[in-house]
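Residues per chain are reported as follows:
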Amino acid sequence: MASVGDSVDVFAASLGREAVTNLSARDATGDSSLVSAAQAGDRLAFGQLYEQYARMVHGILMARVPPGQVDDLVQDVFLVALRRLSALRDISRFGAWLAAIARNRANDYHRQSMSAVEVTDDFSQAEAVSGVSDSAADSEAAVILAAIRSLPEAYREPLILRLVEGMTGPEIAARTGLKPGSVRVNLHRGIEQLREKLAQRL
Amino acid sequence: MDKDYLWDRSGDADPEIKKLEDVLGRLRHNRAAPVFPEMPVRMRRPILTKLLETRWTSAAALALVVVAISVVGSLVRSKQPALGSAWKVTQIQGGPRLESRVIKASGGTARLGLGQTLETDSQSKASIDLDEIGTVEVEPGTRLRVLRLNLELTQLALERGTIHAAIWAPPGQFVVDTPSAVAVDLGCAYTLHVDESGAGLLRTTLGWVGFKLGNRESFIPAGAVCRTKPKLGPGTPYFEDASESFRAALVKLDFERGSVEERNAELNIVLAEARPKDALTLWHLLSREDESERGRVFDRLAKLLPAPPGVTREGILRGDSRMLDLWWGRLGLGDISLWRHWEGSWSAKRGAER
Numbered sequence: 025m026a027s028v029g030d031s032v033d034v035f036a037a038s039l040g041r042e043a044v045t046n047l048s049a050r051d052a053t054g055d056s057s058l059v060s061a062a063q064a065g066d067r068l069a070f071g072q073l074y075e076q077y078a079r080m081v082h083g084i085l086m087a088r089v090p091p092g093q094v095d096d097l098v099q100d101v102f103l104v105a106l107r108r109l110s111a112l113r114d115i116s117r118f119g120a121w122l123a124a125i126a127r128n129r130a131n132d133y134h135r136q137s138m139s140a141v142e143v144t145d146d147f148s149q150a151e152a153v154s155g156v157s158d159s160a161a162d163s164e165a166a167v168i169l170a171a172i173r174s175l176p177e178a179y180r181e182p183l184i185l186r187l188v189e190g191m192t193g194p195e196i197a198a199r200t201g202l203k204p205g206s207v208r209v210n211l212h213r214g215i216e217q218l219r220e221k222l223a224q225r226l
Numbered sequence: 645m646d647k648d649y650l651w652d653r654s655g656d657a658d659p660e661i662k663k664l665e666d667v668l669g670r671l672r673h674n675r676a677a678p679v680f681p682e683m684p685v686r687m688r689r690p691i692l693t694k695l696l697e698t699r700w701t702s703a704a705a706l707a708l709v710v711v712a713i714s715v716v717g718s719l720v721r722s723k724q725p726a727l728g729s730a731w732k733v734t735q736i737q738g739g740p741r742l743e744s745r746v747i748k749a750s751g752g753t754a755r756l757g758l759g760q761t762l763e764t765d766s767q768s769k770a771s772i773d774l775d776e777i778g779t780v781e782v783e784p785g786t787r788l789r790v791l792r793l794n795l796e797l798t799q800l801a802l803e804r805g806t807i808h809a810a811i812w813a814p815p816g817q818f819v820v821d822t823p824s825a826v827a828v829d830l831g832c833a834y835t836l837h838v839d840e841s842g843a844g845l846l847r848t849t850l851g852w853v854g855f856k857l858g859n860r861e862s863f864i865p866a867g868a869v870c871r872t873k874p875k876l877g878p879g880t881p882y883f884e885d886a887s888e889s890f891r892a893a894l895v896k897l898d899f900e901r902g903s904v905e906e907r908n909a910e911l912n913i914v915l916a917e918a919r920p921k922d923a924l925t926l927w928h929l930l931s932r933e934d935e936s937e938r939g940r941v942f943d944r945l946a947k948l949l950p951a952p953p954g955v956t957r958e959g960i961l962r963g964d965s966r967m968l969d970l971w972w973g974r975l976g977l978g979d980i981s982l983w984r985h986w987e988g989s990w991s992a993k994r995g996a997e998r
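Taken in order, these protein sequences are the chains called A and B. Under the numbering used here, the first residue of the first sequence carries the number 25, and numbering increases by one thereafter. Under the numbering used here, the first residue of the second sequence carries the number 645, and numbering increases by one thereafter.
Just chain A, same shape as in the assembly:
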């Protein structure tokens, strides 16, 4: 049966998937060595994994929980990963595994917090949602972040990883384990919707 995946693959192929695949493979090899070392008890290797994946975890959380909570939850996610790392059998899936822990931790946060902050369309609530300080630049960042967080879930995460964390599309795909074609499509669709949201705001 034909599926949207086919069209995504064709789209990705037409826009240079080869280069993306090569990048993913190279990163995966290096990361697998670090994961193996960390499983053997090498704390330095785990620290390097933190350096490489902290932005991904930070971005995934920022797409789902109030920014004021994100830094603490990043630490939580890595502590959970550290505890469970020895049970990870397919080390090539470390990134996807860690991303899933981060999404799950965000879910736990909302379950545990009775006063969970709703993702909202109301930009007037942006500063309260953001938890950032009140300078003009921070306020602008908070408004844009609130706009991104009001987009469909599939667009929030890649946009935040790209625009907040500064990761490129190929990096996002390689780190999260998502298909490059899907990331690329979601980035483009997401940015279009973000433009519409911000235009309405202006």
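By construction, these hints were calculated from the structure, which means they are not laboratory data. The reader is advised that the hints may include incorrect statements.
[Claimed, not checked] DEER-style ranges, computed between Cβ atoms: (1) B/LYS647 <-> A/LEU103: 21 to 31 Å; (2) B/ARG675 <-> A/ARG107: 14 to 24 Å; (3) B/SER931 <-> A/LEU68: 25 to 35 Å; (4) A/GLY65 <-> B/HIS985: 29 to 39 Å; (5) A/ASP66 <-> B/GLY669: 24 to 34 Å; (6) B/VAL679 <-> A/GLU220: 39 to 49 Å; (7) B/SER887 <-> A/ASP162: 35 to 45 Å; (8) A/ASP95 <-> B/GLU906: 51 to 61 Å; (9) A/GLY190 <-> B/ALA909: 49 to 59 Å.
[What the hints assert, rightly or not] Within a straight-line C-alpha distance of at most 30 Å, the following computed BS3-like cross-link-like pairs (lysine-lysine) qualify: (10) B/LYS947 <-> B/LYS896; (11) A/LYS221 <-> B/LYS921; (12) B/LYS896 <-> A/LYS221; (13) B/LYS769 <-> A/LYS221; (14) A/LYS203 <-> B/LYS769; (15) A/LYS221 <-> B/LYS647; (16) B/LYS663 <-> A/LYS203; (17) A/LYS203 <-> B/LYS921; (18) B/LYS748 <-> B/LYS769; (19) A/LYS203 <-> B/LYS896; (20) B/LYS663 <-> A/LYS221.
Just so you know, even glycine gets a beta-carbon here, dropped at the ideal spot from N, CA and C.
Following the hints, put chain B in place on chain A, whose structure we already have.
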């Protein structure tokens, strides 16, 4: 290769995106790595190998070890799954039963392996630690069996009761059979309930879940629920904040065999009360309603969420699955290629098993 600044920063910087990067970059992660505690280390060598390396191991001692392992192994093999092929079950409340064993101690644990059944009575609760797959919390009044347990697929059978699953394995690797449909995790968290009649209710709290019986399939994103009935399979998913009349009409369309006039009336209610987010429900109805009614669903859905390029009214009326998938992509609720991939490999496995 085309230049695409948004994708990989190639080509000229798009000024609008550059500005967004500059403004949002101040929120970027910038904390140094904390000091992590001691790492739990994976046991790399089997215990027997270590024993053989020790100085005191003599042929007699080795023979004793082999005999002891054989005797003990033969006694427990049928009841106790080996480490690595079973999950830790922890008592939360009351006395959950694993096969014939009752886990009585507060916080007591046991291991649940292939083919085994975990049962909770009206007073007991338990949790199952699925290692790198996720966790499952088992509510009172539940009977759960392990059907498959390997690196590629974990499959449980929920015969009755309620489970809460939080899954961090890749999509498609955690599957729960119920008497009326199969739930396939596409990431990340959901609650599944099965009553005594075998009817079910699935509520997704994060990510999305696929629900399938034969050719009838439903996709349930976070915030949505889906009912299922034996022999009929999954109904049409809907967001829980939809109006009461919308939800009632949907249940009748899904599970009651009303007259043509009655079905028309129910469909009128659903179409009239659908909000933009209820495009989820209308999209599912496109492949379920008769061709005569499908046109009305198409027209309403197209108003709420315009059909993307490549999707035509004629194509949808004749049930073109590629067009349906394209339109699903516009909902922004999940990548349907994950499901198609799972469905393909699942069908192949089932075929190979027959």
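Going through the hints against the structure:
1. The given range of 21 to 31 Å is broken by B/LYS647 and A/LEU103, whose C-beta atoms sit roughly 41 Å from each other.
2. For the hinted restraint 14 to 24 Å between B/ARG675 and A/ARG107, the CB-CB distance of approximately 20 Å keeps it satisfied.
3. Range check, B/SER931 to A/LEU68: about 53 Å between beta-carbon atoms, so the 25 to 35 Å window is missed.
4. At about 36 Å, the beta-carbon gap between A/GLY65 and B/HIS985 stays in the expected band of 29 to 39 Å.
5. For the pair A/ASP66 and B/GLY669, the beta carbons lie near 32 Å from each other, so the given range of 24 to 34 Å is met.
6. Roughly 45 Å separates the CB atoms of B/VAL679 and A/GLU220, a value that falls within the hinted 39 to 49 Å.
7. The supplied range of 35 to 45 Å is met by B/SER887 and A/ASP162, whose beta-carbon atoms lie about 40 Å from each other.
8. Range check, A/ASP95 to B/GLU906: about 56 Å between beta-carbon atoms, so the 51 to 61 Å window is met.
9. Between A/GLY190 and B/ALA909, the C-beta spacing of about 55 Å keeps the proposed range 49 to 59 Å intact.
10. For the hint pairing B/LYS947 with B/LYS896, the CA-to-CA distance comes to about 24 Å; that is within 30 Å, so the pair holds.
11. Restraint check for A/LYS221 and B/LYS921: the C-alpha separation of about 17 Å stays at or below 30 Å, so the hint holds.
12. Our distance criterion of 30 Å between C-alpha atoms is broken by B/LYS896 and A/LYS221, whose separation comes to about 37 Å.
13. Distance check on the hinted pair: B/LYS769 and A/LYS221 sit about 46 Å apart at the alpha-carbon level, beyond 30 Å; violated.
14. For the hint pairing A/LYS203 with B/LYS769, the CA-to-CA distance comes to about 38 Å; that exceeds 30 Å, so the pair is violated.
15. At most 30 Å may separate the alpha-carbon atoms for a hinted pair to count; A/LYS221 and B/LYS647 meet this at roughly 26 Å.
16. With a C-alpha separation of about 27 Å, the suggested pair B/LYS663 and A/LYS203 falls inside the 30 Å cut-off, and the hint holds.
17. For the proposed pair A/LYS203 and B/LYS921, the alpha carbon gap of about 26 Å is at most 30 Å, so the pair holds.
18. A threshold of 30 Å between alpha carbons decides the hint, and for B/LYS748 with B/LYS769 the separation of about 11 Å falls inside it, so the pair holds.
19. Restraint check for A/LYS203 and B/LYS896: the C-alpha separation of about 39 Å exceeds 30 Å, so the hint is violated.
20. Our distance criterion of 30 Å between C-alpha atoms is met by B/LYS663 and A/LYS221, whose separation comes to about 16 Å.
The structure is inconsistent with the numbered hints 1, 3, 12, 13, 14 and 19, although it conforms to all the rest.
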